[in-house]
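Sequences listed follow chains A and B, in order. Each residue of the first sequence is one higher than the one before, starting from 1 at the first, in our numbering. Each residue of the second sequence is one higher than the one before, starting from 1001 at the first, in our numbering.
Don't read these hints as lab results, they were simulated from the structure. We treat Cβ as the ideally placed atom computed from N, Cα and C, and that holds for glycine. Hints are not guaranteed to be accurate.
In silico negatives: residues of chain A with every beta carbon more than 12 Å from chain B [unchecked claim]:
1. Gly-16
2. Asp-18
3. Gly-28
4. Pro-61
5. Thr-78
6. Gln-84
7. Ser-87
8. Gln-103
With a straight-line Cα cutoff of 20 Å, these simulated DMTMM-like cross-link-like pairs (lysine to aspartate or glutamate) come out [stated by the list, open to error]:
9. Lys-1058/B x Glu-68/A
10. Lys-1022/B x Asp-1049/B
11. Lys-1058/B x Asp-1027/B
12. Lys-1058/B x Asp-101/A
13. Lys-57/A x Glu-1002/B
Label-pair ranges, simulated between beta-carbon atoms [as the list claims (entries may be wrong)]:
14. Asn-52/A x Gly-1096/B: 18 to 24 Å
15. Glu-20/A x Val-1054/B: 41 to 47 Å
16. Leu-1040/B x Val-74/A: 14 to 20 Å
17. Gly-1016/B x Arg-81/A: 25 to 31 Å
18. Gly-40/A x Leu-1046/B: 45 to 51 Å
19. Ser-62/A x Gly-1001/B: 47 to 53 Å
20. Gln-84/A x Ser-1028/B: 21 to 27 Å
21. Ser-53/A x Asn-1053/B: 27 to 33 Å
22. Arg-81/A x Glu-1079/B: 46 to 52 Å
Below are the chains, spelled out letter by letter.
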Amino acid sequence: GAGVSQSPSNKVTEKGKDVELRCDPISGHTALYWYRQSLGQGLEFLIYFQGNSAPDKSGLPSDRFSAERTGGSVSTLTIQRTQQEDSAVYLCASSTRSGADEQFFGPGTRLTVL
Amino acid sequence: GENVEQHPSTLSVQEGDSAVIKCTYSDSASNYFPWYKQELGKRPQLIIDIRSNVGEKKDQRIAVTLNKTAKHFSLHITETQPEDSAVYFCAAREGGSYIPTFGRGTSLIVHP
């Protein structure tokens, strides 16, 4: 079946602009995660969604970052007033349920802020 | 919160040699430890994992060992092949959490 998909694959924007990154999880997966991967860094947790529960936003680095998950499926990560330090690869992952072991990652969106 | 340290950051080996990547964690409540492989330009994929009630797990050429007392776990790859070249990430997850904490990754280079 189809894996996790993300769009766009690459995004170049100017400092100060807003961007939206999209994630389509595997059908039926109730848990969804967003991570940020900067050059030479690990996977930095941003936000976690589980079903209809309130998301865990503890990893969001500033109030410029927000995310939504509509209908328990597609998720959008929004970064407002982008800064150069926001440049990174943004990865989405899903898993079958809360607490399930394996996370299935998407291909990522490479964001470059000029 | 959990803190995961991973070493080395880069590991270069000759084809056929063994490779070992080590991680330490801080939270003694962590009970699940996955390893992900990320080939260049591709997405991370789970290659092996271990739970805290097991000391070692093997899958063909890869194995993971866990020392709960010392709070460290390691990935062992034997008979390395060029296709093993990738970045490997360890992670630790506390029993009551759904969010793993990842290490910074190890870039493994296998020279033919």
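Hints, verified against the model:
{"no.": "1", "hint": "Gly-16", "verdict": "holds (29 Å)"}
{"no.": "2", "hint": "Asp-18", "verdict": "holds (26 Å)"}
{"no.": "3", "hint": "Gly-28", "verdict": "holds (17 Å)"}
{"no.": "4", "hint": "Pro-61", "verdict": "holds (15 Å)"}
{"no.": "5", "hint": "Thr-78", "verdict": "holds (21 Å)"}
{"no.": "6", "hint": "Gln-84", "verdict": "holds (21 Å)"}
{"no.": "7", "hint": "Ser-87", "verdict": "holds (17 Å)"}
{"no.": "8", "hint": "Gln-103", "verdict": "violated (7 Å)"}
{"no.": "9", "hint": "Lys-1058/B x Glu-68/A", "verdict": "violated (39 Å)"}
{"no.": "10", "hint": "Lys-1022/B x Asp-1049/B", "verdict": "holds (14 Å)"}
{"no.": "11", "hint": "Lys-1058/B x Asp-1027/B", "verdict": "violated (24 Å)"}
{"no.": "12", "hint": "Lys-1058/B x Asp-101/A", "verdict": "holds (17 Å)"}
{"no.": "13", "hint": "Lys-57/A x Glu-1002/B", "verdict": "holds (16 Å)"}
{"no.": "14", "hint": "Asn-52/A x Gly-1096/B: 18 to 24 Å", "verdict": "holds (20 Å)"}
{"no.": "15", "hint": "Glu-20/A x Val-1054/B: 41 to 47 Å", "verdict": "holds (42 Å)"}
{"no.": "16", "hint": "Leu-1040/B x Val-74/A: 14 to 20 Å", "verdict": "violated (28 Å)"}
{"no.": "17", "hint": "Gly-1016/B x Arg-81/A: 25 to 31 Å", "verdict": "violated (52 Å)"}
{"no.": "18", "hint": "Gly-40/A x Leu-1046/B: 45 to 51 Å", "verdict": "violated (22 Å)"}
{"no.": "19", "hint": "Ser-62/A x Gly-1001/B: 47 to 53 Å", "verdict": "violated (18 Å)"}
{"no.": "20", "hint": "Gln-84/A x Ser-1028/B: 21 to 27 Å", "verdict": "violated (39 Å)"}
{"no.": "21", "hint": "Ser-53/A x Asn-1053/B: 27 to 33 Å", "verdict": "holds (28 Å)"}
{"no.": "22", "hint": "Arg-81/A x Glu-1079/B: 46 to 52 Å", "verdict": "holds (51 Å)"}
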